Amino acid sequence: AQSVTQLDSQVPVFEEAPVELRCNYSSSVSVYLFWYVQYPNQGLQLLLKYLSGSTLVKGINGFEAEFNKSQTSFHLRKPSVHISDTAEYFCAVSPVTGGFKTIFGAGTRLFVKA
Amino acid sequence: DVKVTQSSRYLVKRTGEKVFLECVQDMDHENMFWYRQDPGLGLRLIYFSYDVKMKEKGDIPEGYSVSREKKERFSLILESASTNQTSMYLCASSQGTGRGRGYGYTFGSGTRLTVV
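Read top to bottom, the protein sequences are chains F and C.
Using the working numbering, you'd call the opening residue of the first sequence number 1 and step up by one each time.
Using the working numbering, you'd call the opening residue of the second sequence number 115 and step up by one each time.
Don't take every hint at face value.
[Unchecked claim] No farther apart than 30 Å at their CA atoms in a straight line, the calculated lysine-lysine pairs in the DSS-like style are these:
{"id": "1", "chain 1": "F", "residue 1": "LYS101", "chain 2": "F", "residue 2": "LYS49"}
{"id": "2", "chain 1": "F", "residue 1": "LYS101", "chain 2": "C", "residue 2": "LYS184"}
{"id": "3", "chain 1": "F", "residue 1": "LYS49", "chain 2": "C", "residue 2": "LYS171"}
{"id": "4", "chain 1": "C", "residue 1": "LYS117", "chain 2": "F", "residue 2": "LYS49"}
{"id": "5", "chain 1": "C", "residue 1": "LYS171", "chain 2": "F", "residue 2": "LYS101"}
{"id": "6", "chain 1": "C", "residue 1": "LYS169", "chain 2": "C", "residue 2": "LYS185"}
{"id": "7", "chain 1": "C", "residue 1": "LYS169", "chain 2": "F", "residue 2": "LYS49"}
{"id": "8", "chain 1": "F", "residue 1": "LYS113", "chain 2": "F", "residue 2": "LYS49"}
{"id": "9", "chain 1": "F", "residue 1": "LYS69", "chain 2": "F", "residue 2": "LYS101"}
{"id": "10", "chain 1": "C", "residue 1": "LYS171", "chain 2": "C", "residue 2": "LYS132"}
{"id": "11", "chain 1": "C", "residue 1": "LYS169", "chain 2": "C", "residue 2": "LYS117"}
{"id": "12", "chain 1": "C", "residue 1": "LYS127", "chain 2": "C", "residue 2": "LYS171"}
{"id": "13", "chain 1": "C", "residue 1": "LYS184", "chain 2": "C", "residue 2": "LYS169"}
{"id": "14", "chain 1": "C", "residue 1": "LYS117", "chain 2": "C", "residue 2": "LYS127"}
{"id": "15", "chain 1": "F", "residue 1": "LYS58", "chain 2": "C", "residue 2": "LYS117"}
{"id": "16", "chain 1": "C", "residue 1": "LYS127", "chain 2": "C", "residue 2": "LYS185"}
{"id": "17", "chain 1": "C", "residue 1": "LYS169", "chain 2": "F", "residue 2": "LYS101"}
{"id": "18", "chain 1": "C", "residue 1": "LYS184", "chain 2": "C", "residue 2": "LYS127"}
{"id": "19", "chain 1": "C", "residue 1": "LYS167", "chain 2": "C", "residue 2": "LYS132"}
{"id": "20", "chain 1": "F", "residue 1": "LYS101", "chain 2": "C", "residue 2": "LYS185"}
{"id": "21", "chain 1": "C", "residue 1": "LYS167", "chain 2": "F", "residue 2": "LYS101"}
{"id": "22", "chain 1": "C", "residue 1": "LYS171", "chain 2": "C", "residue 2": "LYS184"}
{"id": "23", "chain 1": "C", "residue 1": "LYS184", "chain 2": "F", "residue 2": "LYS113"}
{"id": "24", "chain 1": "F", "residue 1": "LYS49", "chain 2": "C", "residue 2": "LYS132"}
{"id": "25", "chain 1": "C", "residue 1": "LYS185", "chain 2": "C", "residue 2": "LYS132"}
{"id": "26", "chain 1": "F", "residue 1": "LYS101", "chain 2": "F", "residue 2": "LYS58"}
{"id": "27", "chain 1": "C", "residue 1": "LYS132", "chain 2": "F", "residue 2": "LYS101"}
{"id": "28", "chain 1": "C", "residue 1": "LYS185", "chain 2": "C", "residue 2": "LYS171"}
{"id": "29", "chain 1": "C", "residue 1": "LYS117", "chain 2": "C", "residue 2": "LYS185"}
[To be verified] Which chain C residues stay away from chain F? Per the calculated CB distances, all over 10 Å, these:
{"id": "30", "residue": "SER179"}
{"id": "31", "residue": "LEU192"}
{"id": "32", "residue": "SER208"}
Everything labelled a hint here was simulated from the structure, so no lab data went into it.
Values in this document were obtained by computation on a predicted structure and should not be read as measured data.
We treat Cβ as the ideally placed atom computed from N, Cα and C, and that holds for glycine.
Sequences are here, hints too, so could you generate the full structure?
Written out as structure tokens, the structure is:
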């Protein structure tokens, strides 16, 4: 079984400041890792994903995430945020084999202030 | 542009009504999912389907049923709507097995259901 913990429920930050949204997971099998973004009153859209290879992955809108196997973490970062980045962000894991359900974290609400 | 389409963005229904939420995907995906999203509770899986006419209960199936008669369509049914089913409902689809799982989910825009 897998589980995902997003360590912060809300993250307020000023415009143009850097931000890190933290995600830890546990799993007894190898997993794929994802970050999704949800803008107000919309569905979720895929921001980036880690499948294998380089542990630093880049996504849309200037976001990147780093997979750390020893710490079972997949933190999301952006060096300079914009007002338009205000949204809810979900970390998720999916087993590579044996099952096809994705497990989502509870979400982190990023609020960018002017 | 590939997509998942949910038939309604906003819906208001009365207590006791039978409610149908429709979801259609055009990506030939095997798997389809229904979630509900509530503040502070994240996404909770209601039902999912990995093939036509196949369905599996998720974490909170009580009060709901589903139908998948065609590969592209997955319907969520509230047999007798209650006020505690007021929520945002999200449909998603994904490729079936193996490395296809690495593509992640494609979500619809959501249906905000209010039961009065």
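Hints, one by one, checked against the model:
1. Proposed proximity of LYS101/F and LYS49/F is supported: the alpha carbons are some 16 Å apart, at most 30 Å.
2. Using a Cα cut-off of 30 Å, the hinted pair LYS101/F and LYS184/C holds, with the two alpha carbons roughly 21 Å apart.
3. For a cut-off of 30 Å, the pair hint linking LYS49/F to LYS171/C stands: about 27 Å separates their Cα positions.
4. With a CA separation close to 19 Å, the supplied pair LYS117/C and LYS49/F stays within the 30 Å bound.
5. A hinted pair counts as satisfied when its Cα atoms are at most 30 Å apart, and LYS171/C with LYS101/F qualifies at roughly 12 Å.
6. For the hint pairing LYS169/C with LYS185/C, the CA-to-CA distance comes to about 12 Å; that is within 30 Å, so the pair holds.
7. Among the hinted pairs, LYS169/C with LYS49/F is consistent with the structure: their alpha-carbon atoms are about 27 Å apart, no more than 30 Å.
8. Between LYS113/F and LYS49/F the CA atoms are separated by roughly 27 Å; this keeps the pair inside 30 Å, and the hint holds.
9. Of the supplied pair hints, the one linking LYS69/F and LYS101/F holds, its CA atoms being roughly 21 Å apart against a limit of 30 Å.
10. For the hint pairing LYS171/C with LYS132/C, the CA-to-CA distance comes to about 19 Å; that is within 30 Å, so the pair holds.
11. For the hint linking LYS169/C to LYS117/C, the alpha-carbon distance of about 22 Å falls within 30 Å, and the restraint holds.
12. The straight-line distance between the Cα atoms of LYS127/C and LYS171/C is roughly 24 Å, inside the 30 Å bound, and the hint therefore holds.
13. For the suggested pair LYS184/C and LYS169/C, the alpha carbons sit about 12 Å apart, so the restraint of at most 30 Å is met.
14. For the given pair, LYS117/C sits about 26 Å from LYS127/C by alpha-carbon distance, which is consistent with the 30 Å threshold.
15. Distance hint between LYS58/F and LYS117/C is fulfilled; the C-alpha atoms sit about 23 Å from each other, no more than 30 Å.
16. With a C-alpha separation of about 28 Å, the suggested pair LYS127/C and LYS185/C falls inside the 30 Å cut-off, and the hint holds.
17. Distance check on the hinted pair: LYS169/C and LYS101/F sit about 13 Å apart at the alpha-carbon level, within 30 Å; holds.
18. Restraint check for LYS184/C and LYS127/C: the C-alpha separation of about 26 Å stays at or below 30 Å, so the hint holds.
19. With a CA separation close to 21 Å, the supplied pair LYS167/C and LYS132/C stays within the 30 Å bound.
20. As the CA atoms of LYS101/F and LYS185/C are separated by approximately 18 Å, the hinted pair is consistent with the 30 Å bound.
21. Distance hint between LYS167/C and LYS101/F is fulfilled; the C-alpha atoms sit about 18 Å from each other, no more than 30 Å.
22. Restraint check: the Cα-Cα separation between LYS171/C and LYS184/C comes to about 19 Å, which is no more than 30 Å; the hinted pair holds.
23. Using a Cα cut-off of 30 Å, the hinted pair LYS184/C and LYS113/F is violated, with the two alpha carbons roughly 46 Å apart.
24. The hinted pair formed by LYS49/F and LYS132/C fails the criterion: a straight-line CA distance of about 38 Å is larger than 30 Å.
25. The suggested pairing of LYS185/C with LYS132/C holds, with an alpha-carbon distance near 23 Å, which does not exceed 30 Å.
26. Restraint check for LYS101/F and LYS58/F: the C-alpha separation of about 24 Å stays at or below 30 Å, so the hint holds.
27. Restraint check for LYS132/C and LYS101/F: the C-alpha separation of about 28 Å stays at or below 30 Å, so the hint holds.
28. Using a Cα cut-off of 30 Å, the hinted pair LYS185/C and LYS171/C holds, with the two alpha carbons roughly 18 Å apart.
29. This hinted pair checks out: LYS117/C and LYS185/C have alpha carbons roughly 14 Å apart, not beyond 30 Å.
30. Distance to chain F confirms SER179/C as a non-interface residue, since its nearest Cβ pair spans about 19 Å, more than 10 Å.
31. In this structure LEU192/C is separated from chain F by more than 10 Å, as the shortest Cβ-Cβ distance comes to about 19 Å.
32. The claim that SER208/C is not at the interface with chain F is violated, since a C-beta of that chain comes within 10 Å of its own (minimum 7 Å).
Checked against the numbered hints given earlier, the structure breaks hints 23, 24 and 32 and satisfies all the rest.
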